[in-house]
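Residue numbers (my numbering), protein chains in the order written: chain A, 1 to 386; chain B, 1 to 386; chain C, 1 to 386; chain D, 1 to 386.
There may be inaccurate statements among the hints.
No distinction is drawn between identical chains; accordingly, a pair holds when it is met within one copy or between any pair of copies.
To be verified - In silico DSS-like cross-links for lysine-lysine, where the CA-CA straight-line distance does not exceed 30 Å:
#  : residue 1 : residue 2
1  : K68       : K198
2  : K269      : K162
3  : K54       : K185
4  : K185      : K229
5  : K229      : K128
6  : K194      : K223
7  : K178      : K296
8  : K229      : K159
9  : K194      : K7
10 : K130      : K54
11 : K198      : K48
Read the hints as simulated data drawn from the structure, not as lab findings.
Please read these numbers as outputs of a predicted model, since none were measured by experiment.
Number of protein chains: 4
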Amino acid sequence: MSLSDRKLRMGMIGGGVGAFIGAVHRLAANLDGQIELVCGAFSSDPEKSKKTGKELYLAPSRVYGSFKEMIETEAELPEGERMDFVSIVTPNHVHAEPAIMALEHGFPVIIDKPLCFDMDEAKAIQAKVKETGVPLALTHTYTGYPMIKEARQQIRSGKFGKIRKILVEYPQGWLAEKVEDTENKQASWRTDPKRSGKSGAYGDIGTHAANMAEYVSGLEVVKVLSQLKNVVPGRLLDDDASAFLEFEGGVPGVLTVSQVAAGEENAIKVRVYGETGGIMWSQRDPNTLNLMWNDKPDEVWRTGTAYVSEAAQANSRTPAGHPEGYLEAFANIYRNFAMHLRAIDSGEEHDVDIYDYPNVDEGVHGMALVDAVVRSTEEGNVWTEV
Amino acid sequence: MSLSDRKLRMGMIGGGVGAFIGAVHRLAANLDGQIELVCGAFSSDPEKSKKTGKELYLAPSRVYGSFKEMIETEAELPEGERMDFVSIVTPNHVHAEPAIMALEHGFPVIIDKPLCFDMDEAKAIQAKVKETGVPLALTHTYTGYPMIKEARQQIRSGKFGKIRKILVEYPQGWLAEKVEDTENKQASWRTDPKRSGKSGAYGDIGTHAANMAEYVSGLEVVKVLSQLKNVVPGRLLDDDASAFLEFEGGVPGVLTVSQVAAGEENAIKVRVYGETGGIMWSQRDPNTLNLMWNDKPDEVWRTGTAYVSEAAQANSRTPAGHPEGYLEAFANIYRNFAMHLRAIDSGEEHDVDIYDYPNVDEGVHGMALVDAVVRSTEEGNVWTEV
Amino acid sequence: MSLSDRKLRMGMIGGGVGAFIGAVHRLAANLDGQIELVCGAFSSDPEKSKKTGKELYLAPSRVYGSFKEMIETEAELPEGERMDFVSIVTPNHVHAEPAIMALEHGFPVIIDKPLCFDMDEAKAIQAKVKETGVPLALTHTYTGYPMIKEARQQIRSGKFGKIRKILVEYPQGWLAEKVEDTENKQASWRTDPKRSGKSGAYGDIGTHAANMAEYVSGLEVVKVLSQLKNVVPGRLLDDDASAFLEFEGGVPGVLTVSQVAAGEENAIKVRVYGETGGIMWSQRDPNTLNLMWNDKPDEVWRTGTAYVSEAAQANSRTPAGHPEGYLEAFANIYRNFAMHLRAIDSGEEHDVDIYDYPNVDEGVHGMALVDAVVRSTEEGNVWTEV
Amino acid sequence: MSLSDRKLRMGMIGGGVGAFIGAVHRLAANLDGQIELVCGAFSSDPEKSKKTGKELYLAPSRVYGSFKEMIETEAELPEGERMDFVSIVTPNHVHAEPAIMALEHGFPVIIDKPLCFDMDEAKAIQAKVKETGVPLALTHTYTGYPMIKEARQQIRSGKFGKIRKILVEYPQGWLAEKVEDTENKQASWRTDPKRSGKSGAYGDIGTHAANMAEYVSGLEVVKVLSQLKNVVPGRLLDDDASAFLEFEGGVPGVLTVSQVAAGEENAIKVRVYGETGGIMWSQRDPNTLNLMWNDKPDEVWRTGTAYVSEAAQANSRTPAGHPEGYLEAFANIYRNFAMHLRAIDSGEEHDVDIYDYPNVDEGVHGMALVDAVVRSTEEGNVWTEV
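The shape of chain A in the complex, shown without the other chains (with noise of 0.2 Å):
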């Protein structure tokens, strides 16, 4: 039976009760019903493992302990009943150990971003994706809206000239008071070193900012100079972080993110500007995207019409007017990398155009940038190569 005639079977590494991101993922992977969860290692709890898995209706004989245990069983069960593939959603410090075991058992991974702790884990599992040939995606979910595939696509059409700048920005406000101290499991682990990885502000939402910018206008940034700052008092992270950019070709840009702008939801935003126009994506509306001219009316391009790029309508759902929001971004995610899966399987081609999620040369990319950021603001807010 081959991966096109069912489902794909989905284990969960973390994501047990309680946690944010897990639930996330799960109705991510649920929406379009190409995938099904089979297994999970919910919890290094194995009680709270359980209690997850019952609540999620798997068989208790799928629910494990550990991931070792999860990848060793599931990696013993015949094809068709076994996992396919893995999704990895724990603390950054529990990244690349499941990840890295995953692939060598011939498991497809599906992670959280950023990618792990720090750049020599990294390297690695990039190393270990390299050596087995199996694919790994990192939820890099705002890169999933259909706006911002076709943000991609008019940019890259040229119809703006040369690029000359850009502005990304991502303030929250939840960490405004320090609520790590209190039961915020998400807070938790986000402030802690041990957990996060070197930075907190700029690890957890810069990576995402700094990927839109790169996705988007297709840039890389090569250098930056860095602001970080733990602004409430006894925080261990920074939870604020601005940066000036230096992408590719010289192309400048300004980041600024925080996790303390009180009053703030989750406002990524992105704006390219090239020499005759320029972009404009605001996640608070998300099925927007505005095109702006010197010397015509601005154009409001919107998901679901018939107008928009082939890349647009291939990650969207319903038609214009009917709001598509985070999820069925995060889900494009999921079916994207299931759709890659299923080519593997079939031996036909992936358009990874069309189709495409971020991979792990994007969470490589993403913990170097982690890194020169960190360095630019201990050596004094100086510009630093990545």
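Starting from the known structure of chain A, arrange chains B, C and D on it as the hints suggest.
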């Protein structure tokens, strides 16, 4: 094995390859991992039904050539294997027969709006629901939005005083040309009085708009004065509708809907004014509920925040700033219906205020409104009781 | 000395200390440095008139105790000293008498809307304008916005095909309480049938809304079916009005205006739909004109750009991105009227398409609409010819 | 005759036919009927000056061939006939000389920003103001908006706690092409270091942006780390500028301004975040001030409402919903300056908190910022004290 230990099994009637709303129902049913599609009679054409079943990874034995075959066959299967409920997503003239048959066989029904073809059918369905005690849900999708739940709670709280005016509008532009003469399946049945019923625009989207106004305000429409128009030459049903509404207690309202408002997408919007302030919600920005006041700043209430009502929180999946959309609103109806079925199974109480969904009575009332709206125009734009 | 060598001299009737609209007229007249206020009869109370004149730095000899005194006295002054035209900003019941007297003395008139108290007066004023050939301008302010000029040009160009539907709304909330029982002068006369005329909300703001719809579409309303409501208990005139409109050629429209839409400011908004697209303009964002299309991205046309029509450019003062507002729109009427007076004086042609302003015919038509709207409700919400 | 009995008489230096900002100053001065233009030296070309004076209906005897002639001649005229103050609207390199000369002759000065050409001139002007005690106003227009007054009051109230982050941006697109090579007068002097000074984009609009951030937050910038860019090939001055700012008390900020952000109009926007919430204001929607909170709904504060601060009310002219714009903001500076001159004349107190305007000290600080920003870039994007 009780319903609490497993996903609910869904059968679908209609929704063959190429259909719009059937695919949307499936996405909505998938999202929360509470429901799995196990069987279907997707088309009156058995080949098309089979093809659809294959694309959905169903077992060929569970793909039926007709809804009768499906209901009868599934009813014979053992509990735990047979479908737990049925979703009906056919054109309006094929609603009543499968719905009544399903109810008679004890299968709960979730059905696309409007409830059915005409008032006689509506009453027959209602009678069958009363007789059998089997639940029926109607997919008035737009009341599934968290901020519509919030709006209802806000109005109900009495903070605006007595309600004085209700405005609801729903402009679309997709029928601005006579697309029913092309291959457009959606347009074709919706503009055909033999399949759609006695009203076009009002029947299709006016029913949504009126339901929205009633749901948010908590007041039923008791009288209407309408003006239905067939704007596009040669069209057999109204494609534009305006109406003065009188709600319970003499509250006035105005409804304007159109399928020929060229350039509009799917722009349902509702405003309710009381003595001290009012609310405004628009699907264009669905995660925002605007509260307006005469004597203090307007307030922007947002999906996913900690300060919204329990009803709004319970019908949302992600934190503030992670936009939820149409599919999530739709999924709320499926999830709430599934919760109700589980509650019946376990003998627990279902909290109809928090996990509500539109039911058969709203469906019958909606059909009565279609009747009244059509009569009002036929008799010369006069006040007509519902 | 011809009018081309100096500012035009304005006299004002009404607009004493504390009046709202009189002060606005003066700001509008001041803005362009084309007009100077030289005299006034600001109140029927001579002391109050004197006080107002002093605050406005007028010579005491030019501050009059009554409009009769002013018109007669000024008419005796030598050209170049006497006022060149008169601005009438009194409540509706004190429009006709001074207007007719001014026209008889050869003074052009600029007058606040609605034109006057009732249809008889309207016809008398119109007859006097025809008889004397002296110009009269009516301050339907909202058509003075550059983007309304643009909208009119866009519709007139035919790019949207035949017009199919017109929606106009004008919700306000300021009369949600019975403020006429307090010291509120504005509320007091506007809700008094002896001073305001036979309609309240419709007469005050419905006339603006209908005029806006007609101006933008280029189509006159020929029939109405209205529902006037006195919502606030004890109020003598309608404070809420809805109407179906029939424009020339059978084009349908809907008008909703209210003074009791609590929380609303002054939210006039117009939408016009044709066969291929439409326009939307809202005073909340007055420098933007939205063009909507069924088959391509919406367009955002903006005040002050190089690409808008000559009419829009000529009625704008600053480059794009320097917001213009209500006072600039109002000032356009004064400036265009002043240009017309100068053109008459110099014998040059006045370009009525670019530098247009509402005139007496629009005023009379507006009064006819008030009549028809009131009759339609009185006779039971029936279609009534204008 | 005291200043309280008449309009103030204004003389203007610069602002000849075709100039942008001179015309704007005149509109702003006209609006409130408090000021009349009586004389001018509109151009260094006497013919052009004469032509401008004629278009403005000035007496030929009061139109001068040079500012020197104007100041000297006017100073000889009797009080009550001579100008009361002078408005300087020339390019930056012709600010200091006429300003100092006017001050020496006892004429108050209102001057376009930036204060002057360089720091030496700035200090000379400041010294002259101190020496003479004659007032000088600087037209940082954007702080004249009522909602900016409101923002300042809101921040000052302490309701957001300690300020933690300030973001200010000002993108424009008008210099995306090398328009200084065309007939564009505005572009020509603004991109010429001999007339504009040592900075282009930062000097022209960065000074506005920094001033806005300081005004709203009540905190001065003490250190900068900048990146100035000459984006358009061949341009002699920066046309794009980014900077990290350090405000008093170590509060961080980010400034991004550009004249080559193609498609942008004039989009100044400021955000200030404290511990519990923040404010956002954008000139695109100038009558709205957004208050954001972490734990309750955002609030939309609006110009012209009864609930805004006395400062906001005093700097507004129309009720809520009648949009005020750029010219009204500009007029507030003129009106407040005029009120100050009247207060001096009458010996009354001038309420600097309600009727404030930017003065010479802000001008000098702004020039110091230009210096620091330029130095920071020249020295390699390093932190530089102001």
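Hints, one by one, checked against the model:
| no. | hint | verdict |
| --- | --- | --- |
| 1 | K68 x K198 | within (26 Å within a copy, 63 Å between copies) |
| 2 | K269 x K162 | both (21 Å within a copy, 26 Å between copies) |
| 3 | K54 x K185 | within (22 Å within a copy, 42 Å between copies) |
| 4 | K185 x K229 | within (22 Å within a copy, 44 Å between copies) |
| 5 | K229 x K128 | neither (35 Å within a copy, 42 Å between copies) |
| 6 | K194 x K223 | within (27 Å within a copy, 34 Å between copies) |
| 7 | K178 x K296 | between (48 Å within a copy, 18 Å between copies) |
| 8 | K229 x K159 | between (38 Å within a copy, 23 Å between copies) |
| 9 | K194 x K7 | neither (37 Å within a copy, 38 Å between copies) |
| 10 | K130 x K54 | neither (36 Å within a copy, 35 Å between copies) |
| 11 | K198 x K48 | within (29 Å within a copy, 56 Å between copies) |
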